[in-house]
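Which chain is which? The protein sequence lines are S and P, in order.
Mapping of the first sequence onto the numbering used here: position 85 corresponds to residue 85, and the numbering continues sequentially without gaps.
Mapping of the second sequence onto the numbering used here: position 40 corresponds to residue 40, and the numbering continues sequentially without gaps.
Read the hints as simulated data drawn from the structure, not as lab findings.
Hints are supplied without guarantee of correctness; some may be wrong.
Taking lysine to aspartate or glutamate and the EDC-like style, the derived pairs with C-alpha atoms no more than 16 Å apart in a straight line are [stated by the list, open to error]:
no., chain 1, residue 1, chain 2, residue 2
1, P, K210, P, E83
2, P, K44, S, E16
3, P, K44, S, D70
4, P, K210, P, D88
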Amino acid sequence: MKIAEAWARVKAVRTETLVRAACVLGLVALPFMVTSVFVPTVWPVLVALSFGQALGTLSFALYLVAIARDLQLARRLRSRDAKDDAR
Amino acid sequence: MSAEGGIDWIGWLSAASAVAAAGVLGMHLVRRPPLSGERGRNTKLWLLLGLGVFPITSAGTANVAGFAATQSRTFCGSCHVMEPHAEDSNDPRSQSLAAIHARNTSFGKDNCYACHKDYGMYGYVLTKAGGMRHVYLYLTEYHDMPLEESKHDIRILRPLPNANCMACHTTTAPRWLSIGDHASSLEAVRSGTVSCASAGCHGYAHPMTKLGKELDAGAAH
Numbered sequence: 001m002k003i004a005e006a007w008a009r010v011k012a013v014r015t016e017t018l019v020r021a022a023c024v025l026g027l028v029a030l031p032f033m034v035t036s037v038f039v040p041t042v043w044p045v046l047v048a049l050s051f052g053q054a055l056g057t058l059s060f061a062l063y064l065v066a067i068a069r070d071l072q073l074a075r076r077l078r079s080r081d082a083k084d085d086a087r
Numbered sequence: 001m002s003a004e005g006g007i008d009w010i011g012w013l014s015a016a017s018a019v020a021a022a023g024v025l026g027m028h029l030v031r032r033p034p035l036s037g038e039r040g041r042n043t044k045l046w047l048l049l050g051l052g053v054f055p056i057t058s059a060g061t062a063n064v065a066g067f068a069a070t071q072s073r074t075f076c077g078s079c080h081v082m083e084p085h086a087e088d089s090n091d092p093r094s095q096s097l098a099a100i101h102a103r104n105t106s107f108g109k110d111n112c113y114a115c116h117k118d119y120g121m122y123g124y125v126l127t128k129a130g131g132m133r134h135v136y137l138y139l140t141e142y143h144d145m146p147l148e149e150s151k152h153d154i155r156i157l158r159p160l161p162n163a164n165c166m167a168c169h170t171t172t173a174p175r176w177l178s179i180g181d182h183a184s185s186l187e188a189v190r191s192g193t194v195s196c197a198s199a200g201c202h203g204y205a206h207p208m209t210k211l212g213k214e215l216d217a218g219a220a221h
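With the rest of the complex left out, here is chain S (with noise of 0.2 Å):
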């Protein structure tokens, strides 16, 4: 039940939050995997395999997310549309 609910919240947030908060993430994440370059001891090195590589995957995540919206919602007024023209 918890998941559903949660999942039914994630299905409420607008595309164009979701890709900002994307953009956010990515824009976090990647100074952690320049400084492991620049700085290559153990603790920058350690951030940017763990935290770093979790922000970037979940920022691009955010972003498939969004195309596979836009895609649906894009099937579905095709479909309407295509009712339309056969009324």
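With chain S held as given, fit chain P onto it using these hints.
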């Protein structure tokens, strides 16, 4: 890889991709272009670059550089309790077994890795149990430990397998076999019952962390 010799092209590629991604993302956040309609398609393509292509390139190359970095002596020496080992290897006059292996142009910078390959701190392993145990112990027990104490407190968990040495010293070269002690203990060396870095053989790899009695026991004859 990038340890002492500066940043190589992989590092620069990572940085450049990150800057490109940040540019696209920053523009998107500031200008709020539409996501739908005719212009929406353009926006989505830009975002594919800013959220997909550039960051993935940056992260991928940063990983490659990071994996290489975890093999470097600079990396091992980044915790103060490893400094005695790293500094000894950095010293061009040191005659310790470890330092002798630090002067080679092909693996010298990665000499810790060359011998301690099976140690759990390389690449992604760093973020898994073996590596994290180390990091955890460092943060909880060893962080404030003075070097004088840590030098004599930290010991290898399992004797270093001879196989690690044999990756380079195959034990099959004629000149190697012509050494009396090598020939007489050949089976024991290959099977690992006698350690190459033991008393009476090559002694300690890091004599500077050993105390008087221990040191005598490990001294090469």
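Requested in this report: Run the structure past the numbered hints and jot down the numbers of the failing ones, going up.
Outcome: none
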